[in-house]
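2 protein chains.
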Amino acid sequence: MNKLLIVGTVAFDAIETPFGKTDKILGGAATYIGISASFFKVQSAIVSVVGDDFPQEYLDLLTDRNIDISGIEVVKGGKTFFWSGLYHNDLNSRDTLVTELNVLADFQPKVPQDYKNAEIVMLGNLHPLVQSSVLDQMETKPKLVVLDTMNFWMDCALPELMDIIKRVDVITINDEEARQLSGEYSLVKAAAKIHTMGPKYVVIKKGEHGALLFHGEEIFFAPALPLEEVFDPTGAGDTFAGGFAGFIAQSENVSFDNMKNAVIQGSNLASFSVEKFGTERMIDLDKKEVVSRLQQFKSLTQFDIEL
Amino acid sequence: MNKLLIVGTVAFDAIETPFGKTDKILGGAATYIGISASFFKVQSAIVSVVGDDFPQEYLDLLTDRNIDISGIEVVKGGKTFFWSGLYHNDLNSRDTLVTELNVLADFQPKVPQDYKNAEIVMLGNLHPLVQSSVLDQMETKPKLVVLDTMNFWMDCALPELMDIIKRVDVITINDEEARQLSGEYSLVKAAAKIHTMGPKYVVIKKGEHGALLFHGEEIFFAPALPLEEVFDPTGAGDTFAGGFAGFIAQSENVSFDNMKNAVIQGSNLASFSVEKFGTERMIDLDKKEVVSRLQQFKSLTQFDIEL
Numbered sequence: 001m002n003k004l005l006i007v008g009t010v011a012f013d014a015i016e017t018p019f020g021k022t023d024k025i026l027g028g029a030a031t032y033i034g035i036s037a038s039f040f041k042v043q044s045a046i047v048s049v050v051g052d053d054f055p056q057e058y059l060d061l062l063t064d065r066n067i068d069i070s071g072i073e074v075v076k077g078g079k080t081f082f083w084s085g086l087y088h089n090d091l092n093s094r095d096t097l098v099t100e101l102n103v104l105a106d107f108q109p110k111v112p113q114d115y116k117n118a119e120i121v122m123l124g125n126l127h128p129l130v131q132s133s134v135l136d137q138m139e140t141k142p143k144l145v146v147l148d149t150m151n152f153w154m155d156c157a158l159p160e161l162m163d164i165i166k167r168v169d170v171i172t173i174n175d176e177e178a179r180q181l182s183g184e185y186s187l188v189k190a191a192a193k194i195h196t197m198g199p200k201y202v203v204i205k206k207g208e209h210g211a212l213l214f215h216g217e218e219i220f221f222a223p224a225l226p227l228e229e230v231f232d233p234t235g236a237g238d239t240f241a242g243g244f245a246g247f248i249a250q251s252e253n254v255s256f257d258n259m260k261n262a263v264i265q266g267s268n269l270a271s272f273s274v275e276k277f278g279t280e281r282m283i284d285l286d287k288k289e290v291v292s293r294l295q296q297f298k299s300l301t302q303f304d305i306e307l
Numbered sequence: 001m002n003k004l005l006i007v008g009t010v011a012f013d014a015i016e017t018p019f020g021k022t023d024k025i026l027g028g029a030a031t032y033i034g035i036s037a038s039f040f041k042v043q044s045a046i047v048s049v050v051g052d053d054f055p056q057e058y059l060d061l062l063t064d065r066n067i068d069i070s071g072i073e074v075v076k077g078g079k080t081f082f083w084s085g086l087y088h089n090d091l092n093s094r095d096t097l098v099t100e101l102n103v104l105a106d107f108q109p110k111v112p113q114d115y116k117n118a119e120i121v122m123l124g125n126l127h128p129l130v131q132s133s134v135l136d137q138m139e140t141k142p143k144l145v146v147l148d149t150m151n152f153w154m155d156c157a158l159p160e161l162m163d164i165i166k167r168v169d170v171i172t173i174n175d176e177e178a179r180q181l182s183g184e185y186s187l188v189k190a191a192a193k194i195h196t197m198g199p200k201y202v203v204i205k206k207g208e209h210g211a212l213l214f215h216g217e218e219i220f221f222a223p224a225l226p227l228e229e230v231f232d233p234t235g236a237g238d239t240f241a242g243g244f245a246g247f248i249a250q251s252e253n254v255s256f257d258n259m260k261n262a263v264i265q266g267s268n269l270a271s272f273s274v275e276k277f278g279t280e281r282m283i284d285l286d287k288k289e290v291v292s293r294l295q296q297f298k299s300l301t302q303f304d305i306e307l
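Chains as they are written, first to last, in full-length UniProt numbering: chain A, 1 to 307; chain B, 1 to 307.
Hints may be right or wrong, so weigh each one.
Which copy is meant is left open, because identical chains are indistinguishable; a pair holds if it fits in one copy or across any two.
[To be verified] Below, a list of computed lysine-lysine pairs in the BS3-like style, where the Cα atoms sit at most 27 Å apart: (1) LYS276 / LYS24; (2) LYS276 / LYS189; (3) LYS298 / LYS206; (4) LYS206 / LYS189; (5) LYS3 / LYS110; (6) LYS276 / LYS206; (7) LYS288 / LYS189; (8) LYS193 / LYS298; (9) LYS189 / LYS21; (10) LYS141 / LYS166; (11) LYS193 / LYS276; (12) LYS200 / LYS116; (13) LYS110 / LYS141.
FYI, nobody ran anything at the bench for these hints, they're computed from the structure.
Keep in mind it's a predicted model, so treat the numbers as computed, not measured.
Model the full assembly from the supplied sequences, consistent with the hints where possible.
Shown next, in the form of structure tokens:
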């Protein structure tokens with residue numbers, strides 16, 4: 001198996017959906033990515049920062065899943081990053097109620113020595129300079145660098161974002177962000193433009209409408225599993241990215257054909273993530289359920305037309 | 001091959017999209033359905049009505065594609081149904097500018113004797129009483145009846161609509177209509193509720209987001225082919241329905257597994273329809289292009305995860 005290095009937030013979230021609301025619970029991009037990747041045979045580490053208000057049980061939860069947390073800095077007297085959001089009725093849009101950067105404001109990532117030769121690097125959503133700093137610390141060139149980002153950085157740190165985009169192999173962003181980044185409405189045209197910014201592979205996440213993987217002229221599409229009810233979309237994109245990167249790391253295969261499988265694996269895991277608040281569903285999920293739902297993905301999409 | 005009986009409008013459309021506008025051109029649900037179905041080996045007939053303002057060349061165009069038009073009544077001194085619509089910038093919504101029912105107002109459909117034993121019946125979007133009248137005229141029970149309808153009839157003729165829905169095997173409607181008809185936001189729940197109204201198979205069309213086929217607990221999904229540009233969505237749903245019904249008629253196989261193929265064939269043909277105004281692209285389309293794009297659908301969706 002390949003080593004997987006993950007950078008991203010480890011945080012508190014407070015979430016309100018039409019179905020209920022939570023107090024401060026475990027959240028953060030790296031948390032979701034790490035938990036999702038842990039469904040594969042990988043050796044993974046998270047680089048992040050928390051305050052000393054962050055419960056040991058949350059850190060234990062990551063360690064229990066064989067995630068190396070030596071790269072998670074605990075700042076004495078510091079407060080953990082906190083995000084709070086309110087989802088609208090259709091769950092397709094949300095308002096951010098609170099963003100307290102806290103210890104994230106001065107975060108200087110430190111890649112553990114053991115992971116400076118990681119083959120797969122997953123740059124979760126964070127300031128592009130932090131993402132760049134992680135790449136700068138690598139001692140061997142990774143086989144695959146995957147970048148997740150969001151519109152916030154396009155608005156506030158576009159030059160820095162463009163610098164890191166240049167350096168990655170895969171970018172995962174949602175449809176609106178792809179349109180904003182490229183200035184193109186058509187996602188086919190948007191992906192073509194984003195290719196020219198650097199990434200050979202462009203993944204456009206469309207939420208309940210699935211995900212597209214572009215590689216030059218080639219396109220692959222994975223639907224979202226039709227669910228009776230989406231309960232909480234928080235972390236679905238990160239869970240997708242974690243499944244994608246985790247599967248690639250396990251299979252040690254960065255071909256386009258294998259990325260198709262990685263997109264399906266990511267979509268599959270994300271379909272569980274949205275069934276309960278926060279990380280709740282992912283934490284009680286077992287591998288049998290994962291395989292059984294993969295079978296549903298096959299039934300959902302595979303057909304046999306003779307050409 | 002099976003006989004395919006089609007009922008629906010044969011009409012004039014005037015279309016405006018962000019890319020341009022047309023004068024009165026050939027339109028109508030049965031027109032799109034018939035042209036789309038003609039890409040398969042089928043014996044088909046259209047039941048409809050036009051005025052004597054309807055150009056012979058349009059009728060010839062249907063006859064040239066081996067469509068029996070003996071069931072298209074030409075009303076002397078009558079004017080053909082006319083619809084005009086304006087698409088918004090994202091092409092996902094439109095305003096109806098003009099609807100002149102004209103000869104459609106008093107339409108009494110007459111099924112040609114030769115088609116009273118048709119195995120496949122495609123009830124295109126029309127007043128539910130007209131759709132019922134066609135079924136009443138059948139002398140043998142069809143193997144498969146497919147119904148297309150729209151929100152207009154839910155608003156204006158719900159009891160009559162519910163009567164015809166009870167009598168069909170497959171219903172095809174779009175996502176918003178499925179929600180309106182069922183009162184359920186989740187499409188999985190909506191399909192389950194629509195099953196209880198009669199149809200064993202429910203197809204929910206999501207436009208650029210593809211189509212879902214439900215049969216009890218089973219679900220199949222076909223994406224829309226990602227296109228650089230959608231030029232004119234008019235008739236895409238009818239083209240989908242025509243491809244679906246035409247493929248079923250050709251293959252004489254109404255199993256769920258074969259319906260998956262039919263959904264792909266319908267999506268494939270619809271992906272061409274939207275590339276030019278009205279029926280223009282469908283009329284110059286050749287079968288090689290159809291097969292080549294089916295190959296793209298395979299690449300787009302097929303993967304090979306070992307379970």
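Review point. Can you tell me if LYS193 and LYS276 fall within 27 Å by alpha carbon in one copy, between copies, both or neither?
Key: between (36 Å within a copy, 24 Å between copies)
**Study point:** Alpha-carbon proximity context of LYS110 and LYS141, limit 27 Å
**Key:** within (17 Å within a copy, 73 Å between copies)
**Study point:** Up to 27 Å CA-CA - LYS189 versus LYS206, copy category
**Key:** both (16 Å within a copy, 21 Å between copies)
Exercise for review: Go through the copies and call it for LYS141 and LYS166: within, between, both or neither, with a Cα cutoff of 27 Å.
Suggested key: Answer is within; shortest intra-copy Cα gap is 15 Å, inter-copy 63 Å.
Point to revise | Within, between, both or neither, where LYS276 and LYS24 count as close if Cα-Cα is 27 Å or less | key: Within. Shortest intra-copy distance 15 Å satisfies the 27 Å Cα cut-off; inter-copy 52 Å does not.
Practice item. Up to 27 Å between alpha-carbons, please classify LYS200 paired with LYS116: within, between, both or neither. Key: Only inside one copy: LYS200 and LYS116 sit 23 Å apart there, 57 Å across copies, limit 27 Å.
Point to revise | Copy assignment of LYS193 with LYS298, given that the CA separation must stay at most 27 Å | key: Answer is between: at 25 Å across copies they meet the 27 Å cutoff, but 31 Å inside does not.
**Study point:** Same-copy or cross-copy closeness of LYS189 to LYS21 [CA-CA at most 27 Å]
**Key:** between (39 Å within a copy, 24 Å between copies)
**Study point:** Same-copy or cross-copy closeness of LYS288 to LYS189 [CA-CA at most 27 Å]
**Key:** between (39 Å within a copy, 25 Å between copies)
Review point. Given identical chains, is LYS276 near LYS206, meaning Cα to Cα at most 27 Å, within a copy, between copies, both, or neither?
Key: Result: close both inside a copy and across copies, 20 Å intra and 26 Å inter.
Point to revise | LYS3 and LYS110: within-copy, between-copy, both or neither at 27 Å Cα | key: within (16 Å within a copy, 70 Å between copies)
Exercise for review: Could you figure out if LYS276 and LYS189 sit no more than 27 Å apart (CA to CA) within one copy, between two copies, both or neither?
Suggested key: between (35 Å within a copy, 18 Å between copies)
Consistency note: the structure conflicts with none of the earlier hints.
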